[in-house]
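Heads up: the protein sequence lines correspond to chains A and B, in order. Take any residue in the first sequence, note its place counting from 1, add 149, and you have its number in the numbering used here. Take any residue in the second sequence, note its place counting from 1, add 358, and you have its number in the numbering used here.
These are calculated hints, taken from the structure and not from any lab test. Some hints could be false.
Label-pair ranges, simulated between beta-carbon atoms [claimed, not checked]:
(1) B/Arg584 to A/Val435: 27 to 33 Å
(2) B/Ser585 to A/Gln408: 50 to 56 Å
(3) B/Ile655 to A/Ser412: 51 to 57 Å
(4) B/Arg571 to A/Ala301: 53 to 59 Å
(5) B/Pro466 to A/Arg268: 54 to 60 Å
Among chain A residues calculated to face chain B with C-beta under 8 Å, some are [as the list claims (entries may be wrong)]:
(6) Ile242
(7) Gly373
(8) Gln419
(9) Phe426
(10) Met433
Built from N, CA and C at the ideal position, the CB exists for glycine as well.
One letter stands for each residue in the lines below.
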Amino acid sequence: MVGFSSILGQIIIYTTIYSLVALGIVIAGRTGVFNVGGEGIMLTAASTGFMTAYFSGSWLSGYFVAALTGMALGLMLVLVHEYLRVNQFVIGIVMVIFGAGLSDLLYKIIVGVRLQAPRAPRVPLIRIPGVSTVPVLRALFNHDPIVYFMYAATAIAWWFFYRTKIGLETRAIGELPQAADVVGVHVRRRRIIATAVGSSLIGIAGAYLPIFVTGTYNPDLSAGRGFMAIGIAIFAGWRPQRAILGGFLFAAVEVLSFQLQLSVPGVPFQFFLMLPFASVLLIMVVFRRFIDFPASIGKPYHRE
Amino acid sequence: MKGRSTVARAALVYLASIAAAFAVTMILVAALGFSPWRALRTLVTTSFRTSFGFEETLKKTVPLIFTTYAFTIPFMIKFFNIGAWGQMLFGGTITAVVALTAGETGLPGVILIPLLLTTGMVAGGAIAVVSGVLKTRYGINPIISTIMSNYLAIQFLNFVATAGPFRDPTEGHPMTRRLIAAATIRSWGIVPQAVVPALIASVVVYLMIRHTRLGYEITAIGYNERSARVYGINFNRTLLLTFLIGGALAGLGGTIEVISTQRRLIEGFATTSGAQFGMFGIVNALIVNANPIAIPISAFLMSVLLVGADALQRTMQVPVEAVLLSQALAVLFVVVTRERLRSR
Numbered sequence: 150m151v152g153f154s155s156i157l158g159q160i161i162i163y164t165t166i167y168s169l170v171a172l173g174i175v176i177a178g179r180t181g182v183f184n185v186g187g188e189g190i191m192l193t194a195a196s197t198g199f200m201t202a203y204f205s206g207s208w209l210s211g212y213f214v215a216a217l218t219g220m221a222l223g224l225m226l227v228l229v230h231e232y233l234r235v236n237q238f239v240i241g242i243v244m245v246i247f248g249a250g251l252s253d254l255l256y257k258i259i260v261g262v263r264l265q266a267p268r269a270p271r272v273p274l275i276r277i278p279g280v281s282t283v284p285v286l287r288a289l290f291n292h293d294p295i296v297y298f299m300y301a302a303t304a305i306a307w308w309f310f311y312r313t314k315i316g317l318e319t320r321a322i323g324e325l326p327q328a329a330d331v332v333g334v335h336v337r338r339r340r341i342i343a344t345a346v347g348s349s350l351i352g353i354a355g356a357y358l359p360i361f362v363t364g365t366y367n368p369d370l371s372a373g374r375g376f377m378a379i380g381i382a383i384f385a386g387w388r389p390q391r392a393i394l395g396g397f398l399f400a401a402v403e404v405l406s407f408q409l410q411l412s413v414p415g416v417p418f419q420f421f422l423m424l425p426f427a428s429v430l431l432i433m434v435v436f437r438r439f440i441d442f443p444a445s446i447g448k449p450y451h452r453e
Numbered sequence: 359m360k361g362r363s364t365v366a367r368a369a370l371v372y373l374a375s376i377a378a379a380f381a382v383t384m385i386l387v388a389a390l391g392f393s394p395w396r397a398l399r400t401l402v403t404t405s406f407r408t409s410f411g412f413e414e415t416l417k418k419t420v421p422l423i424f425t426t427y428a429f430t431i432p433f434m435i436k437f438f439n440i441g442a443w444g445q446m447l448f449g450g451t452i453t454a455v456v457a458l459t460a461g462e463t464g465l466p467g468v469i470l471i472p473l474l475l476t477t478g479m480v481a482g483g484a485i486a487v488v489s490g491v492l493k494t495r496y497g498i499n500p501i502i503s504t505i506m507s508n509y510l511a512i513q514f515l516n517f518v519a520t521a522g523p524f525r526d527p528t529e530g531h532p533m534t535r536r537l538i539a540a541a542t543i544r545s546w547g548i549v550p551q552a553v554v555p556a557l558i559a560s561v562v563v564y565l566m567i568r569h570t571r572l573g574y575e576i577t578a579i580g581y582n583e584r585s586a587r588v589y590g591i592n593f594n595r596t597l598l599l600t601f602l603i604g605g606a607l608a609g610l611g612g613t614i615e616v617i618s619t620q621r622r623l624i625e626g627f628a629t630t631s632g633a634q635f636g637m638f639g640i641v642n643a644l645i646v647n648a649n650p651i652a653i654p655i656s657a658f659l660m661s662v663l664l665v666g667a668d669a670l671q672r673t674m675q676v677p678v679e680a681v682l683l684s685q686a687l688a689v690l691f692v693v694v695t696r697e698r699l700r701s702r
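Same shape as in the complex, but just chain A (with noise of 0.2 Å):
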């Protein structure tokens, strides 16, 4: 059996990856934004950003491309939706087919076929001296700097969205954007902002993927993260403070099914496949008092 520091260290690398598209999803969520194209922002960010951060050597330089990458197609959806009124829904879809293609299109093209997967540069682990060595702390503060990251942009996500003017006006675009444009709000704007800084984060989510948790871009290997991301975002009654909870959640299904599977030889391994996909549903009925939407999410917004 593995230690248990050591499979809480696992759930947080992969709450990284739930919460950032969660939190991507909240912030452009928030404007009245639903970015449901997160599964193909994530892939087309993780491939891009594998590559960059293979040819150059630099892992950094990788995550960085990711979230130019998750901006482009973040601001794709958001201009589309925004000036040519194009169902918010249907372009999220088109995004990911789009994304789906996009990123296997690429990697074939530039890196092809090798007898050797391409591997990753390795990422260095960052220790904070005094915690690191404590045994269940150490399972939270002892990782790569996308975990870091992802902490610090929830934080500084719910500290704009509840301690700042700007980001009490941003939420109010949420609920009754005709309101925010009266009192002097750019709606628009605040829109395309929201959604581009979301999709940067969910690049970057769909970027740790390849370059840390796996090391190789193998295709699909999002495999279906970035939906169950919306239902984590809709769980959280987009929060960010709540979204982190979600993704822990799932995140923790996830990598105790994982677990169950090996320790559990009798049941077949299809079913603890079936476990995360299955639990977001449950999750869903079970919290579904907590679930409010903002009220103009999916509608485009007119002066008329």
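We have chain A; now place chain B onto it with these hints.
Coordinates of chain B only, in the frame set by chain A:
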């Protein structure tokens, strides 16, 4: 008069989309350093050059028609069924189980085939209705629940193909035993018998939408949900029915894929051609804008492209993703154009 201009407009958007899809593909292919004219010829003519190619194209068209309807019918009341993929896989999986079990009883094909077609519809409809109930009872967005059901169905299919009493022990790759002849359908020359249920389903869906009370209610909710409710239309009931019908059709597509094309259940079908049907069903539905007459035609043209894309990969090593990508862009282009035309 107005009716004719709408049809002309729809056709125009559609033709423009095909042109755009080809243009984008050709630019991509040229950018990758391949000859765009040769690629174009491969894409368009592979389906018509050999009788095998034509039969393949029709065999792809049929499940695609069903997955397109599975997305289209709930979409008419503005709900997204992203689960045609899983509904199709689940229908196909249960069909394989029933076919392998019932096949041993020696039932004749006349009984077995209708039984299997019904099985697929019931299985696909059942899993889709779960998503519908999650919406009406618990308010869970069907986008989430249908996507989750896709992943559940994939693992369930892999389980049935890999484990248990159905697996063929002589095959290296996990798959079930071959279905007995009475449980399969064949082709008349180059036309697979599978086109019959697809055509019947298309006519039935058309009649349902245009000439039944349910179709009227679906149309009314699609135009204006609030006033439809005010006029006493039972929204939840209609929602459940759209998911039931959509899922049943996707399940039927899965049955046909199993009894006509594969004649067994193969592990990994979910992520290869199964994924194509799931994804391109949505693409097709968005392109034709839920027009029930255009769906079979468009599904056929899309299958021509898919068969051509496979050939392109085999003969010219052009990655098949290039076609996927250009299809996604084509949808975006069509949707934007349609939106511009409407707002004018």
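Quick check on a hinted range of 50 to 56 Å for B/Ser585 and A/Gln408, using CB atoms only.
holds (53 Å)
Cβ distance range 54 to 60 Å for B/Pro466 and A/Arg268, holds or violated:
holds (58 Å)
Quick one: are B/Arg571 and A/Ala301 within 53 to 59 Å, going by C-beta?
For A/Ala301 against B/Arg571, whose Cβ atoms are near 57 Å apart, the range 53 to 59 Å holds.
Taking 8 Å as the limit, does the beta-carbon of A/Phe426 come near enough to a beta-carbon in chain B?
Check passed: Cβ of A/Phe426 comes within 4 Å of chain B, closer than 8 Å.
Is 27 to 33 Å a correct range for the gap between the Cβ atoms of B/Arg584 and A/Val435?
At 30 Å between Cβs, range holds.
Would the stated hint for A/Gly373 survive a check requiring a Cβ distance to chain B of less than 8 Å?
holds (5 Å)
Given A/Met433 was flagged as interface, is its beta-carbon under 8 Å from a beta-carbon of chain B?
Status holds, d = 5 Å.
Would the stated hint for A/Gln419 survive a check requiring a Cβ distance to chain B of less than 8 Å?
holds (4 Å)
Range hint 51 to 57 Å: satisfied by the CB atoms of B/Ile655 and A/Ser412?
Given range 51 to 57 Å: holds, Cβ gap about 54 Å.
Evaluation of the interface hint that places A/Ile242 against chain B, nearest CB under 8 Å
holds (6 Å)
Every hint, counting from the list given before, is met by this structure.
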